[in-house]
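Chains as they are written, first to last, in our numbering: chain Z, 1 to 422; chain A, 1001 to 1422.
Because the hints were derived from the structure by calculation, they are not lab data. Watch out, some of these pointers could steer you wrong.
Have a look at the derived ranges for each label pair, beta carbon to beta carbon [unchecked claim]:
1. Z:Ala333 - A:Asp1271: 39 to 45 Å
2. Z:Ser345 - A:Asn1056: 34 to 40 Å
3. A:Asn1056 - Z:Gln67: 31 to 37 Å
4. Z:Ser161 - A:Gly1202: 25 to 31 Å
5. A:Gln1199 - Z:Asp271: 32 to 38 Å
6. A:His1250 - Z:Arg417: 40 to 46 Å
7. A:Asp1254 - Z:Gly119: 48 to 54 Å
Remember, predicted model here, so these are calculated numbers, not experimental data. Virtual Cβ for every residue (Gly too), placed ideally from N, Cα, C.
Next come the chains, spelled out residue by residue.
2 protein chains.
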Amino acid sequence: MPFDLADARRRDAENPLRQLRDRFLRADSELIYLDGNSLGMLPVATAERLAQVVRNEWGGELVRGWQHWADLPTGVGDRLGAALLGAAAGQVVVCDTTSANLHKTAAAALAYQSTRDPGRHVVVTDDRNFPTDRFVLAAVAAQGGGELRVVEADPVAGVTSLALQTALAPGDVAVVSICLVDYRSAALQDLAAVTRQVQDAGALMLWDLAHAVGAVPIALDVAGVDLAVGCTYKHVNAGPGAPAFLYVRHDLADRLISPVPGWWGADDLFDMDADYRPAVGAARFQAGSPNVLGLYAVDEGVRLHAEAGIDTVRAVSIGLLDYLVALAEDLLAPLGFSLASPQESARRGGHVVLRHPDAYRIGVAAVERGVVGDVRPPDLLRLAPVALTTSYEDVFTGLTRIRDLVVAGEHTTVPARRSRIT
Amino acid sequence: MPFDLADARRRDAENPLRQLRDRFLRADSELIYLDGNSLGMLPVATAERLAQVVRNEWGGELVRGWQHWADLPTGVGDRLGAALLGAAAGQVVVCDTTSANLHKTAAAALAYQSTRDPGRHVVVTDDRNFPTDRFVLAAVAAQGGGELRVVEADPVAGVTSLALQTALAPGDVAVVSICLVDYRSAALQDLAAVTRQVQDAGALMLWDLAHAVGAVPIALDVAGVDLAVGCTYKHVNAGPGAPAFLYVRHDLADRLISPVPGWWGADDLFDMDADYRPAVGAARFQAGSPNVLGLYAVDEGVRLHAEAGIDTVRAVSIGLLDYLVALAEDLLAPLGFSLASPQESARRGGHVVLRHPDAYRIGVAAVERGVVGDVRPPDLLRLAPVALTTSYEDVFTGLTRIRDLVVAGEHTTVPARRSRIT
């Protein structure tokens, strides 16, 4: 069957989530947006709710709003946990940034483990992990009197079971932290198997779900995961700078102490003369005042995903990704592109990465052509057709435009990489 | 001269900032809002800008927005620093929460000091400091292998020079952190004198400006302050959960390392394979993705304050506070209220506190009467007539209503304190 517009439209007509596409703002009908894994699109309901919250709640209720805003971090956390994380109530709190939450949970895990057994002082991660994770975990290990052990990851498949086995073998590992979906290759780890492997070695498992949440089904409770963090501005569509989340398994929470024990993590916010007594459950990992606007945006994003159902999202996502991979093979492979993500869709998250020596300049030129993906050094073009917002027609049109611009050599006039790129 | 409505209106007519009052949303014209030091009112321009940012920037620019959003934390920081902190560019960054920023700056200061001189391992604060500060500083001291030394503060005057001298005498202090304006008594410290006293003893000075910024003129550069943190949702009118800020003196910044070295504090965001190289200046204290919406709200709040001028704000604030104190003496002292703030206006920040054995129940009953202040355990009613948003008529009406409700005994039916109050 040929790849053409009619074929793409036939596929779209069969998409069970096609009607949700109208729930997002489309300011530019010509724009092909394939970067929802970096910043998700704006749900119309979110724009309306934020406007209402600003005027009626901040403007109208003023300080009295805290009587209900105070419950947002755990309330939205519970709803996020139920819809997208497979987490029962009380274990998820929406707060701070992924970086801050990784710092807090990793530091608490290392302190807990090394207090029980001074021999357990090693933090394990991988050499291809996201920059924040590598930087923060190194700092946590140093601050906690521990040691960072960096596993070599495969550029496509990510961290292998064998590499992890070698890292865990000495029996000195306190906590392992890797990403469920790799931010470059999209490699999807086996949540339950890795968690079990880590726990069997006596270590705690701390997942970074940034690129996974909202893209793939996640079952934290079933897998017995210890700790997790992630962001909400990608596949959860909560907007730039929306608060991140963290998960702490219910029977573990009360044994962990946040290294940033701000008053919002205390048991009683207004018992102001008392010593610090941490709140029960994941809520103790809050520190300062909640980002109220951002929390409402997370709530709306979660609501949309709950309506779609994460299993349906995943099925639609795989359809779109497989189509994109096949189309890229057809249109782009002859121009020097190759797939740098796992071939098998079950082993990928919600995006794919194509390799091309000129990826950076092609990515910039594509934006000029109205196709927004993103590039990652040194030679990767990252593309995400997102189940809730992207059509097959978008993918067809987007890849066709990329082929055309490369054929026309439009990218050859783009200057070399600047320091800050999208 | 009698205190009456006509007198209050005469005073309002002479207020040089009276026209700025119309720049804030007033959803309920009967509401007397005396809690702008807890949550500042909503500027109309902020509501409009947030709506525009949500639809046009998030919705329209999508991920391309980061090309300019990325500059917000330092750009808004520079404008905040210029308008309200007496800080030249490059030293202020708007990010995270006050709790998180206090943790990062205090931990960095302790690490820096104790590396230069292992004998300098003590963190000093006071026993009446805000809960977050006491909790976080204790944790920082413990995590850094140091020790917390808690100075006894006077309930009204706050930390005295003598108490500080005693705490500094052993020569082992790494960093001192207290509030410029006390959250309960409103006691205003002498920024320059305390900074000098601390630095003369070889310690670094870390100010918490939460209740001071936007209420009193602050000259960080002139005073040679080392570090400062503060929030923006009080007198800066940036809304619930708006990001906080931190200040690091320019010649100190490059010697300090954030304990949460997330990728947003790195020198090059997208040099993704590199080791952590911190950004130049205060920007290195960023960690995760900026709270874009909150940053725009801070920017609008700062703009309003810049237009008013902090010296005018302070003059108007003192007029309102002196009036409130005199009126309270007249209307409320006979009912058992007493001033628990310094008598002299030059020694107070932007609010005052009245003591009454039934403060909690009176505060709750006052809300029912349309007068919103707040209460702090055990017996304090905190009231803030804010220069940009409160009129003399508001103060007159508010205190009259409080007198009337106490005379009528309306507070006696209010149940005892719940866990969470505003």
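Going down the list of hints, with the structure as the test:
no.	hint	in the structure
1	Z:Ala333 - A:Asp1271: 39 to 45 Å	violated (29 Å)
2	Z:Ser345 - A:Asn1056: 34 to 40 Å	holds (36 Å)
3	A:Asn1056 - Z:Gln67: 31 to 37 Å	holds (33 Å)
4	Z:Ser161 - A:Gly1202: 25 to 31 Å	violated (53 Å)
5	A:Gln1199 - Z:Asp271: 32 to 38 Å	holds (35 Å)
6	A:His1250 - Z:Arg417: 40 to 46 Å	violated (29 Å)
7	A:Asp1254 - Z:Gly119: 48 to 54 Å	violated (37 Å)
Violation of the numbered hints given earlier is confined to hints 1, 4, 6 and 7; the remaining hints are satisfied by the structure.
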